[in-house]
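Just so you know, the protein sequences line up as chains F and A, in that order. Numbering follows my numbering, with no gaps: position 9 of the first sequence is 105. Numbering follows my numbering, with no gaps: position 112 of the second sequence is 92.
FYI, nobody ran anything at the bench for these hints, they're computed from the structure. The beta carbon of each residue, even a glycine, is placed where N, CA and C say it ideally should be. Mixed in with the good hints, there may be bad ones.
[Said to hold, decoys possible] Taking lysine-lysine and the DSS-like style, the derived pairs with C-alpha atoms no more than 30 Å apart in a straight line are:
hint	chain 1	residue 1	chain 2	residue 2
1	F	K217	F	K256
2	F	K230	A	K3
3	F	K217	F	K285
4	A	K250	F	K211
5	A	K250	F	K230
6	A	K250	F	K256
7	F	K211	A	K3
8	F	K217	A	K250
9	A	K3	F	K193
[Said to hold, decoys possible] Rough simulated footprint, nothing fancy, chain A against chain F, three-plus residues with beta-carbon under 8 Å:
hint	region
10	177 to 184
11	190 to 198
12	207 to 214
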Amino acid sequence: MISARDISKVFNAGRPNEFTALHGLSLDVQMHETTILKGPSGSGKTTLLGLIGCMARPSTGRIFLNEREITSLPERFLTEIRRSTFGFIFQQFNLIKGISALENVMFPAYPTGEKFSTLRKRALETLEMFDLGKRAEARIEWLSGGEAQRVAIARALINKPMIIIADEPTAHLDTKLSHEFMGIMSDLKARGTTIILASHDPIVYDSDLADRVVEMRDGHVVDGGTGP
Amino acid sequence: MAIVIERHRHIIDYTLSSLLRRKGKNGALLLVYTMIVFILASVLFFTHALKREAALVLKDAPEIIVQHTLTGRYQTIPVAWGDRIGKINGVIAVRPRLWGYHYDTLLLANYTLMVPAENPPEPGSIDLGSGISRTHGANSGDMIAFVGHDGVPRMFTIRNILDSESQLLTSDLILLSEKDYRDFSGIAPDQATDLTLRVRNPREYATIAEKITRMYPDTRPIMRSEIQRTYDAVFGWRSGLMIVIFSAAALAFVIFAWDKATGLSAEERKEIGILKAIGWETSDILLMKFWEGTAISLTAFLLGIIFAYAHVFFTSSALFAPVLKGWSTLYPTFRLTPFIEFGQVATLFFLTGVPYTITTIVPSWRAATIDPDSVMR
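Construct all of the structure, not just a fragment, from the sequences and the given hints.
What follows is the structure in structure tokens.
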């Protein structure tokens, strides 16, 4: 389980543009379930995802991953957790242009020092899973929006993460592609992956996929925070 | 261990593909960098090779040369003076030398004529420097004519073509007999160009020079160490010319490195953010930037050194020669003996490659230490 306890996040602390994104928020996320963070822009969803995914530290409060306190860990350990535990799907995809889809899928695993041939084989299999085997050598900028989205998902899965974190994954997709994305997430869930999605798209938060919907507003959880 | 090597391999792989993605920018960097290394290496190679040629010339030079001056101007010296000078304590031998220059109006070239101490050619024959032989197309056994001091041409048979370790030494040289030289130049039989002295104890050079000046106030004794010092002053690291060229190249390098240090583009920052977000550590990013700096600096360094080598030793420093050789433009042209000292190359690398690599790491370190969640916003 992931537990966030009384976490706050203040940006630009002590400066005139100081801004508090989260206010003493508590949240429990069960493993092997799909949790959806729902709320308008500026409600703190992305900030919360960043804190859960070890991308930043809360200003106050603590976060536990399977009862291990992770907030006070040094940067190196946070990176290791981020790499081995989480797979990220970003709103803008954040794929690296100028290189192939295959390389984009492979490079999260580069620092692990895994054998190149093994890694390449696994990356190709992951791309095959999303019907992108033939597009493996294509450059990112040559891919369609749907294909780029699937490459981003393949990249998130390359290190076999326990938890997938996706921030507004359907924001740049049309309805058909959005449904396709939710289908992929259902498959992952069926394989036991924990999924945390942040979205204000009804296709996401009204879907059958959601085990729990947490509603957020102005940096507070207004519904569905802790407990079943 | 295998994991560490594989990790480096992956990161080098990524670095190379990343360099290729920014072909324009990195190509321009490589070009500027190569040019700077080329200039610095050319200057280094050229001056060191010249100094080495000079050292070869001076290796067998006499310890002291005595010249005769008249109101400060150089003129021939009476051979008889050598007898008195030879009696000074510490002087082993005195030898009058006959040598001078000859301007060839046909080929616009300046030659050095000399009567050798050992094995002089028979009257009527000469030994010819390889440069003159090349420009005249003349070889052993051929006849060649030079116009003497009275405007009358003299015919000579070529005995040998001179070749030596240093082309500077022999390229423009003509060796001939004393009789031919006196006839050719018009120097009186009791006169010589200068006197050379052999002195056993180097600590006595200054004393002997002083005694000669006292004996003949209108002479100028020149010590070998003084000639060596002059070469060092002109072509050494600390000479004015070197400092000017080095300063200009170093300034260009500083501007170039500064641009690199402050010039991490928004795209590069974003890329670093993405890499961190998906699990690259700060050390991985720095390693990538280290390899990037190393790839560019090593390539530029090697290219610069190769071009400089070709420039100095194959084209006789076509770009620098007119400036560096200054007043003493030598005809016919000579080629410097290829010579590279490991120390120079290492110094050059530490002056260019290392600072460049550091300047590529510093801005990335600043970017790599930011929170990776910046890419989410």
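Between the region 207 to 214 of chain F and chain A, see if three or more residues pass the 8 Å beta-carbon test, and mark the coverage as holds or violated.
holds (count 6)
Are the Cα positions of K250(A) and K256(F) separated by 30 Å at most?
Within the cut-off at roughly 25 Å; holds.
Given the hint that K250(A) pairs with K211(F), test it: the Cα-Cα distance must not exceed 30 Å.
Given pair K250(A), K211(F) holds - Cα atoms ~27 Å apart, limit 30 Å.
So if I understand the rule, the pair passes when the alpha-carbon distance is 30 Å or less; does K217(F) with K285(F) pass?
23 Å, holds
Is the straight-line distance between the alpha-carbon of K250(A) and that of K230(F) 30 Å or less?
Roughly 28 Å separates the two Cα atoms, so the pair holds.
CA of K217(F) to CA of K256(F), is that 30 Å or under?
Holds. K217(F) to K256(F) sits at ~14 Å (cutoff 30 Å).
Would the hint linking K3(A) and K193(F) be met if the CA-CA limit is 30 Å?
14 Å, holds
Given the proposed pairing of K217(F) with K250(A), does the C-alpha separation stay at or below 30 Å?
28 Å, holds
With a cut-off of 8 Å between beta carbons, are at least three residues of the region 190 to 198 of chain F near chain A?
It holds: at least three residues are needed, and the region 190 to 198 of chain F offers 5 whose Cβ sits within less than 8 Å of chain A.
Holds or violated: K230(F) with K3(A), Cα cutoff 30 Å?
27 Å, holds
Outcome, coverage hint (the region 177 to 184 of chain F, chain A; C-beta under 8 Å; three residues)
holds (count 4)
Pairwise hint evaluation, K3(A) against K211(F), where the allowed Cα distance is 30 Å at most:
29 Å, holds
Checked against the numbered hints above, the structure violates none of them.
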